[in-house]
Amino acid sequence: MNNDLATWLVANFLNAFEVLGVLAFALSGLIEAKRKGLDIVGVAMVTAATAFGGGTLRDILLNRRPLFWVEHDWWIWVIIGLTVAALLFLRSSHLEITERAMKWPDAIGLGVFAASGTQIALDLGKSAIVAVIMGVLTAIIGGVLRDLFTNQLPRAFSDQEPYAAVAFVGGWFVVLANSLGLPSMWSVAFGGAIIITLRVLVIALKWRVPSWRK
Amino acid sequence: MNNDLATWLVANFLNAFEVLGVLAFALSGLIEAKRKGLDIVGVAMVTAATAFGGGTLRDILLNRRPLFWVEHDWWIWVIIGLTVAALLFLRSSHLEITERAMKWPDAIGLGVFAASGTQIALDLGKSAIVAVIMGVLTAIIGGVLRDLFTNQLPRAFSDQEPYAAVAFVGGWFVVLANSLGLPSMWSVAFGGAIIITLRVLVIALKWRVPSWRK
Amino acid sequence: MNNDLATWLVANFLNAFEVLGVLAFALSGLIEAKRKGLDIVGVAMVTAATAFGGGTLRDILLNRRPLFWVEHDWWIWVIIGLTVAALLFLRSSHLEITERAMKWPDAIGLGVFAASGTQIALDLGKSAIVAVIMGVLTAIIGGVLRDLFTNQLPRAFSDQEPYAAVAFVGGWFVVLANSLGLPSMWSVAFGGAIIITLRVLVIALKWRVPSWRK
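Residue numbers (the numbering used here), protein chains in the order written: chain W, 22 to 235; chain F, 22 to 235; chain R, 22 to 235.
What the hints contain is simulated information worked out from the structure, not anything from laboratory work.
Honestly, I wouldn't trust all of these hints.
Only pairs whose alpha carbons sit at most 16 Å apart, straight line, appear in this in silico EDC-like list of lysine to aspartate or glutamate [what the hints assert, rightly or not]: (1) Lys57(W) / Asp180(F); (2) Lys147(R) / Glu92(F); (3) Lys57(R) / Asp180(W); (4) Lys147(F) / Asp94(W); (5) Lys57(F) / Asp180(R); (6) Lys147(W) / Asp94(W); (7) Lys147(R) / Asp94(F); (8) Lys227(R) / Asp144(R); (9) Lys57(F) / Glu117(F); (10) Lys227(W) / Asp144(W); (11) Lys124(R) / Asp180(R); (12) Lys227(W) / Glu182(W); (13) Lys227(R) / Glu182(R); (14) Lys57(F) / Asp144(F); (15) Lys147(W) / Asp94(R); (16) Lys57(R) / Glu117(R); (17) Lys147(F) / Glu92(W); (18) Lys147(W) / Glu92(R).
Label pairs and their in silico Cβ distance ranges [stated by the list, open to error]: (19) Ala32(W) / Gly202(R): 56 to 62 Å; (20) Ser205(R) / Trp233(F): 53 to 59 Å; (21) Asn36(F) / Leu41(W): 47 to 53 Å; (22) Asn172(F) / Leu116(R): 21 to 27 Å; (23) Ala106(F) / Leu222(W): 56 to 62 Å; (24) Arg56(F) / Ser114(R): 35 to 41 Å; (25) Arg56(F) / Ser200(R): 35 to 41 Å; (26) Asn36(F) / Leu109(W): 42 to 48 Å; (27) Val221(R) / Arg112(F): 32 to 38 Å.
Chain R is faced by these chain W residues, among others (derived, beta-carbon under 10 Å) [said to hold, decoys possible]: (28) Val31; (29) Leu35; (30) Phe178; (31) Glu182; (32) Pro183.
On a predicted model such as this, the values are computed, not experimentally measured, just so you know.
For glycine and all other residues, C-beta sits at the position ideal for the given N, C-alpha and C.
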C-alpha cells in the first residue's frame, strides 16, 4: 500500500517534471527566436523544435514511433498557445528576466529528458554507452536546433558550461539503477534527480568544463 | 462518365501541378545556392534538398518508405540536368528576374506540397492537427534546408510574409474535405487550390503576419 | 586457396581502410571544432557527427537499423578518447600541420564511405542512380554537419574542389562491378580504389570543378 503510494507519487512527480521541462525548453526556443527577430511562424517553429527536437531525433535513431508530439498532439496546441501569448504579452524588456528565470526549469528539463532518453534506449536493449548517448542527444538536440535555426554556434557545444556533460554523467546513474534491478520509473527518477542536482550546482557554483591548451 | 472525366482531369492537374511545384522549389534552391557562391556540386545538393527535403522529413517522421525521390528516381536526373543547364546558360544577371518570376510557381508548390502532405498523414490515421503540421513541414522544410546550407536565417521563419501560415490554414480545408467524405484526390485539389489562392493574395496584396510588440 | 587468400586480404584491407577513414573524418571534425572555439563537449559531438553523420543519414533514408555506431559502440569510446587526447596534447600550433596531413587519410575515408554506401543501397535493391547518391551522401554529410555546427558554408558545397564529384564518379564503378557479377566486397574495393586514386590526383594536380559564368 505504502509502496503503491510511493509509486503513485513518483509517477506524478515525473509527469509534472516532464511538463515543466518541455515548457522550459519551449520557452528557451521562444525567447531566442524572438530575440533574433523571427516572425511569429518562425517563433512557433523554433519553439517546437527546441521542445521536441531531441526526443524526435532519438526516436528516429532508435526507429520508435509514434513520436511524442504525434502521440500527445495537444502539445502542438500548447506551442501555438505559447506563441500567441508571447505575441500579445511579451515585450523585449521581458526577455532578459524571463531567460534568467528559465535556467531553473531548464535544469529540470535536462534531468527528465536525459534520464528518460537513457531509460528508453535501455528498455530497447541497447548497450549502456549507446543508452547514455541517447539520453544526452534527447536533452541537447532541441537546443542545438534552436541555435542552428537562429544562425548561432550551438550553445551546448561552446559555452564551457557543463550541460551535456552533466547529462552524460547522470545517464550512468540510470544505467547503474537498472543494473541494480530498479524498475524503469525509479531509475529515471533517480538519474533525473542526480542530473538536476548537478546542474543546479553547475549554475550556482559556476563550474566549467576543462578547457583547451593554447 | 462525366465523373470519370472530372477525376481524370483533377488527377492530371495534380500531376502537372506537382511537377511545376517541385521545379519551382528546385529553382529557388538553385538560385540561392548560386548567389551564395556555392560550386556546382553544392548547387546540385542544395537544389535537391530544397525540392525534396520537406517530403523526405515528413516521410521520416511518419516512417514511410520508399522516399519520393527514391521511388521516382528520374527526378535525380532532372536536378542534375537543371544544374548543368544553369552552369551553361545562367548568368548572374538572370538571377533577379528568375527569382521574381519564380514566386508564382512557388505558390503552386506550396499548395500541392502542403495539401498532399496533410492528406498523406490523414490517410495514415493521424489526427487533424498532426496532419496539418505534416503538411506545413512538407511545404517549408525544403526552403529551411536551403537557407541553413547557405548560412542564412530561414526565410520562412523571418520574412513576415504568410507562407507557412497559409499552408497551416489551407491544411484545415483538407481536413474539412476529408471529414465531408471527399475522396483523397479531391481533398488535395480543394485544399491546394485554397492555399494557392491565399498565397497569390498574400503576394499581390503584400499581407504580413502579425508582428511583435517592442 | 589462392582465391581465399585474396578474399582474406581484401577483407582485411577494407577493414583497415574503414578504420583509417573513420579516424580521418573524426579528426577533421575535431580540428575544425577546436579551431572554432567549441568546448570539449562540442568538440566530441562535432567529431562524432563528422565521423558517423553520413552513414547515419544513409541508414535513416534507407530505413536500416541498427546504426553503425549503435552496433559497433566501441567507436563511441574512440571518439571520447580522441577528444580527451586532444585536450591533453593538441596545441593550436599543431592544427595546421595536422590538417594538411589529414588530406590523405581523408581521401581513404571518401573512397571507403562512398563505395560502401553505394554497395549497401545496391544490396537493398535500389536503382543505380539512387545507390550512387547514397554513396555520395554517406561520404559528404559528415563534413556538411561539421560545417553547419561550426556555422560555416559547407566546404563540400563551396570549395570548387572535386570531392562529392569524385564520390559520384566512383559510385558508377561500383555499379559497373556489380553488373559484371563481382561479389559485394570486391566491388567496394574496386570502386573505393578508383575514388581514392581520383581524389589523390585532385589534390596533387589541384583539379577544380567547372565554374560558373559571371
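Quick rundown of the hints versus the structure:
no., hint, in the structure
1, Lys57(W) / Asp180(F), "12 Å, holds"
2, Lys147(R) / Glu92(F), "9 Å, holds"
3, Lys57(R) / Asp180(W), "12 Å, holds"
4, Lys147(F) / Asp94(W), "10 Å, holds"
5, Lys57(F) / Asp180(R), "12 Å, holds"
6, Lys147(W) / Asp94(W), "28 Å, violated"
7, Lys147(R) / Asp94(F), "10 Å, holds"
8, Lys227(R) / Asp144(R), "35 Å, violated"
9, Lys57(F) / Glu117(F), "13 Å, holds"
10, Lys227(W) / Asp144(W), "35 Å, violated"
11, Lys124(R) / Asp180(R), "14 Å, holds"
12, Lys227(W) / Glu182(W), "8 Å, holds"
13, Lys227(R) / Glu182(R), "8 Å, holds"
14, Lys57(F) / Asp144(F), "39 Å, violated"
15, Lys147(W) / Asp94(R), "10 Å, holds"
16, Lys57(R) / Glu117(R), "13 Å, holds"
17, Lys147(F) / Glu92(W), "9 Å, holds"
18, Lys147(W) / Glu92(R), "9 Å, holds"
19, Ala32(W) / Gly202(R): 56 to 62 Å, "60 Å, holds"
20, Ser205(R) / Trp233(F): 53 to 59 Å, "57 Å, holds"
21, Asn36(F) / Leu41(W): 47 to 53 Å, "49 Å, holds"
22, Asn172(F) / Leu116(R): 21 to 27 Å, "23 Å, holds"
23, Ala106(F) / Leu222(W): 56 to 62 Å, "60 Å, holds"
24, Arg56(F) / Ser114(R): 35 to 41 Å, "37 Å, holds"
25, Arg56(F) / Ser200(R): 35 to 41 Å, "40 Å, holds"
26, Asn36(F) / Leu109(W): 42 to 48 Å, "43 Å, holds"
27, Val221(R) / Arg112(F): 32 to 38 Å, "35 Å, holds"
28, Val31, "29 Å, violated"
29, Leu35, "26 Å, violated"
30, Phe178, "3 Å, holds"
31, Glu182, "8 Å, holds"
32, Pro183, "8 Å, holds"
In this structure, the earlier hints numbered 6, 8, 10, 14, 28, 29 are contradicted, and the remaining ones agree with it.
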